[in-house]
Amino acid sequence: MTHPDRLWRNPCLKWSYDVVIVGGGGHGLATAYYLAREHGITNVAVLEKGWLAGGNMARNTTIIRSNYLMDESAAIYEHAMKLWEGLSDELDYDILFSQRGVLNLAHTLGDVREGVRRVNANRLNGVDAEWLTPDQVKEFCPIVDISPDVRYPVLGATLQPRGGIAKHDHVAWAYARAADRLGVDLVQGCEVTGFVRSGGRVVGVDTNRGPIRAGAVALASAGHSSVLASLAGLRLPIQSHPLQAMVSELLEPVHPCVVMSNHVHVYVSQAHKGELVLGAGIDPFNSYAQRGSVHVVEHQLAAALELFPVFGHAHVLRTWAGIVDTSPDASPIVGPTPVPGLYVNCGWGTGGFKATPASGWVYAHTIAHGEPHALNRPFGLDRFTTGALVDEHGAAAVAH
Amino acid sequence: MRLPSGGRIDRTTPLTFTVDGVTHTGYRGDTLASAMLANNVLAGPSIHLGRPRGIVAAGVEEPNALVQVGPEPMLPATTVELTDGIEATTLSGRGRLATPNDGYFDKTYAHCDVLVVGGGRAGLAAAVEAGRSGARVFLADEQPELGGSLLSTPDTWEWLDTVVAELASFPETRVLTRATVFGYYDHNYLSIAQRRPGGGRLWHVRAGRVVLATGAHERPLVFAGNDRPGVMLAGAVRTYLNRYAVRPGRRAVVCTNNDSAYATALDLLESGAEVLVADVRDEESALAALVRSAGGEVRAGTTVTGTTGSPWVTSVSLGSETADCDLVAVSGGWNPVVHLHSQAGGTLRYDDATAAFVPDVARQAHVSVGSANGELDPVHPLWTIPAADGSWDTHFVDQQRDATVADVLRATGAGMRSAEHVKRYTTIGTAHDQGKTAGVNTLGVIAEALGAGTPGPTTYRPPYTPVPFALLAGRDRGALLDPARVTPIHAWHVARGAEFENVGQWRRPWYYPLPGETMTEAVLRECRAAREGVGVQDASTLGKIELVGPDAGEFLNRMYTNAFAKLPVGTARYGMMCTADGMVFDDGVVLRLAEDRYLATTTTGNAAAVLDHFEEWLQTEWPDLRVHCTSVTEQWATIAVVGPLSGRVVGALAADLPPKFMAFVDTTVHGVPARVARISFSGELAYEVNVAGWHGLAVWEAVMAAGEEFGITPYGTETMHVLRAEKGYPIVGQDTDGTVTPLDLGMDWIVSKRKSFVGKRSLRRPDTARPDRKQLVGLLPVDPDDLLPEGAQLVAPDTPLDPPVPMLGHVTSSYRSAALGRTFALALLRSGRDRLGQVVHAPLADRTIAAIVTEPVFYDPEGTRRDG
Ligand SMILES: Cc1cc2nc3c(=O)[nH]c(=O)nc-3n(C[C@H](O)[C@H](O)[C@H](O)COP(=O)(O)OP(=O)(O)OC[C@H]3O[C@@H](n4cnc5c(N)ncnc54)[C@H](O)[C@@H]3O)c2cc1C
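Just so you know, the protein sequences line up as chains E and U, in that order. Using this note's numbering, you'd call the opening residue of the first sequence number 2 and step up by one each time. Using this note's numbering, you'd call the opening residue of the second sequence number 2 and step up by one each time.
Be careful, since some hints might not be right.
[Claimed, not checked] Over the 12 Å line for every Cβ pair with chain U, so calculated as not near, a few chain E residues: (1) 141; (2) 235; (3) 366; (4) 369; (5) 371.
[Said to hold, decoys possible] Selected chain U positions facing chain E (in silico; Cβ < 7 Å): (6) 473; (7) 503; (8) 740; (9) 769; (10) 792; (11) 793; (12) 794.
Just so you know, these hints were derived from the structure itself, not from any lab. Where is the CB? At the ideal position from N, CA and C, for every residue including glycine.
Using the sequences and the hints, build the whole thing.
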């Protein structure tokens, strides 16, 4: 796959924008694109302290699925899925979206109950879902060990045939290029260090390159959201954790789909180039350092080899960690805040890559109209005071 | 070709091996790469362009010579020790997985005062110094023998032998060879991968101080056609000559921007090769005279600008001239191996003299020494060498990824400024060698393209070189993946033919089929026994936490929704706990053992989480409360004897029985000290016999013997679930999912209005107090034979099934009941209690089941049976 010859300008920073987006990850870039494309708001800057999409966007395991349990979640993730399905065309960039199917394995009777419940709910919500027996799992993914005498035998699985993977860099660069073409300024090496206030309102940001005025400031800073929000006097119910992933050497095709096992914390697919891409469970401590513990990697590989004996001779080539923003109900927070002029989009935790198009789409709508779209209304900050949580924990399907 | 003498190979032990099916010979002491080179064997063609490639390096930095050896999908031939009978297949950048790994991999956890990484000159010197002081020293080196680059310089071998012998004489010094330090984590914690026969060992080392003597990797020069077989790193050529007695060519052009390659030129000359040194520097090196006097030619201000030959190089362009050759030895300078320094959080500094990144500030207790610290020859930096025709598409920066200067220029042309972007755009650095020869050159090319002064910066992450999955997994495989917890009575269940289910880490009997019996039949039989006669269940897996201290009652009052402070000693009470957001977290019976002593039982899977929850609140919110919590789950075996005849069975064994429901006595059962409680999770008369774990099996067998005349029937978790569901008792985690309050369960009676408890405030939040929440109800399928699947969603009968379909709730538990003679279920249903008597539908993939909404209590709603 060759990339386009033109991606983006490296523009000079202006002193004022209609909208300043803080964070040039997938969500920030998608938001900028939809603001320009859907709402005609093009006087927009995306401020990124590092290099574009170098945070979690560059570090995730790229699993895409929409088979969430709760109605509110299914609606927003399925909206993302529909956008994914047209995205290469819309952005004129091959994002290597491969709908190879996602299996969520069940290893206990509780997992089975949860899986069946989710399949039933998904179907009624218009999300493709199937329940597979162990033999059907084996048929779909021949390298999974389904023998009954392993420590946690496979008792079945949910399958979302439309789920799959895409190439994260391509997605980010496709949005960046499209936003750039519509006039959005993508500014790298620009760190937001504070907020400019007037009355109670946020009217701009302070950066390492000076203050910038803004009609609206939209946070899209993932693992650093709570740090930034606190600069505006806002306490977010977010905990940041390291989440690790790793890849193997390049291998001939061996793994045809995506397999997720929340019970033993294995999330694995084989990327287009041929490397096995594995994600782990979060490191339990809170941190902003993009580093995890080696024992998490050891544990995850032990579990992976139990499920996939054929991986036994593979090697870990690279490991890394991102900082994920986990919320109390494992659902995102997207909407206005009690601080006028300030919007927040965070809490996607271990699983926001798959939401990138919808996250940008609803966030752009929210910023453009000053109030949420129906799809993100349930995901407002106020739910933590009303109690109207969208709790995806009960569904063993929260991760990635 | 193999030189007639010299090297560290053992010529008395010839070895036979094959590459791509062709048989060759080499010697003990060879690597697969040196033996391939001795036999003029090419590496596999390149991954995308299919260009022929040869061996370039002699160590882990090798970009081309990837091989599959047996089941090993991908190894650099430079790291494979030659053994007899090796069957290697050359690869084009991609390996193949075929078989499981049944090698033996284990782990060692160790401490040392000083860990020296790298057994070259600097590392050996450091290790000996530290060893002499009596410190506990670990010296790790990735090679089969110590020496590092000294192994390529025969005149140092005598010193090497002396030092190695001295190291061996230190009792506290441990030398690890074939051991790659691949990860440097916080608090001086390092991981070492050691290759061992038939497997490997993962060392986890906590070191007082770390000496990084990891040496340097040579950089190639980037000219047109620099990937042609026969173009090699100059240092590698020297290694092949001196260590393996392999001369990779007879007519060599040595192209360099620094003095280090002159040693290669001299050694080549001594081996009888012809040598032309093209030195890119205008000013002639002081070493030029040495080369000339040994019969070689030196040209200053000259560089290779192109190559020809197929597949091996046959000539190079030197500007306007050409020179015939069969070997091009290049040196673009050296990169200190700073990976571990960087992994440890140390910063790097670009050094102009050596045109390399060198360690700057260390963040942990480590120092870098020798060439790893940048003690290297100065170089004349030269990131790109233009071709005569101006093309850049055969200037390979990353040979394994087939990435060229042209690719880098496209990336910068597209708007990319960050090296991270360029690497991702071009895929440079992502192959098996992780760009060890490509990284700094790429940064140099980018800097040139952008007109930036100096390249950089860069950081490194673990692992330094690829590490086998199987090594990291170690022995945590099979049954040891997560060792199963079993009760003291487990062997009896196995002997009785029980089927088991995993509950948390526990293996619990699920049901006990008789020969020829289906699960349904077995469960109906077990249920009937418990309702009509006597059944028995091993309940030892329930979590048990002892809470001791003067404030234990107050603490429990704060943790549970109902009150415990005034519970009389000798009695028990069922309690429920919420998380801070008011959702049901766990439940269980709490016994008051003494004024200051309670025993709380938890669900099997949640025991650790409940203890954590207790400790978190105690330690972070109420450190003033005088309470100690101790897990005693495994100290007790718990035998639940259930059914109208249970009293006769337990009475026959126990010296004393509890006076009433929810009371207990400390007594003896079958002659051993026991605590007997009247607790029922089935609605029947029931006794819970608790004895010390080691008496568990004996007492279980005594219960079975005493019950024999009553047809006592062991039952498993499935029957337990049916019995409790008939009574409408919810199971936390099955009938709740973290979104359910005690009020949703219809258990208003358990939520204290008077005292405060964790989660209480949340219950008043607008959404949590909503009347139309999902509530626990019973369901009776209209057809009494229809079994609702657990997890079925529920809709109103007239709902059109076009997505999105509004759902009212879902089936949480569903069974066939022996007592009711029909199927029944529990469900969470929106406004469930207002729908009693109404019909709901469960649309399934192939049909729809209709059911009537009922109270969740199906059996003995008056509660008459619990007293027998
Ligand atoms: C190891 C790992 C595996 C994952 N796997 C999956 C998966 O398989 N599927 C899935 O759906 N999701 C997955 N995720 C989650 C997913 O990556 C994230 O939810 C998602 O990328 C977050 O949105 P983003 O792309 O905008 O975040 P990011 O890319 O992290 O963007 C946030 C940006 O904000 C910038 N920033 C922060 N502070 C400032 C500041 N003060 N000023 C300027 N800029 C700032 C950061 O530098 C960063 O670039 C995974 C995450 C990790 C770490």
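We went through each hint and held it up to the structure:
no.	hint	result
1	141	holds, 17 Å
2	235	holds, 20 Å
3	366	holds, 20 Å
4	369	holds, 25 Å
5	371	holds, 23 Å
6	473	holds, 4 Å
7	503	holds, 5 Å
8	740	holds, 5 Å
9	769	holds, 4 Å
10	792	holds, 3 Å
11	793	holds, 6 Å
12	794	holds, 4 Å
The structure shown violates none of the earlier numbered hints.
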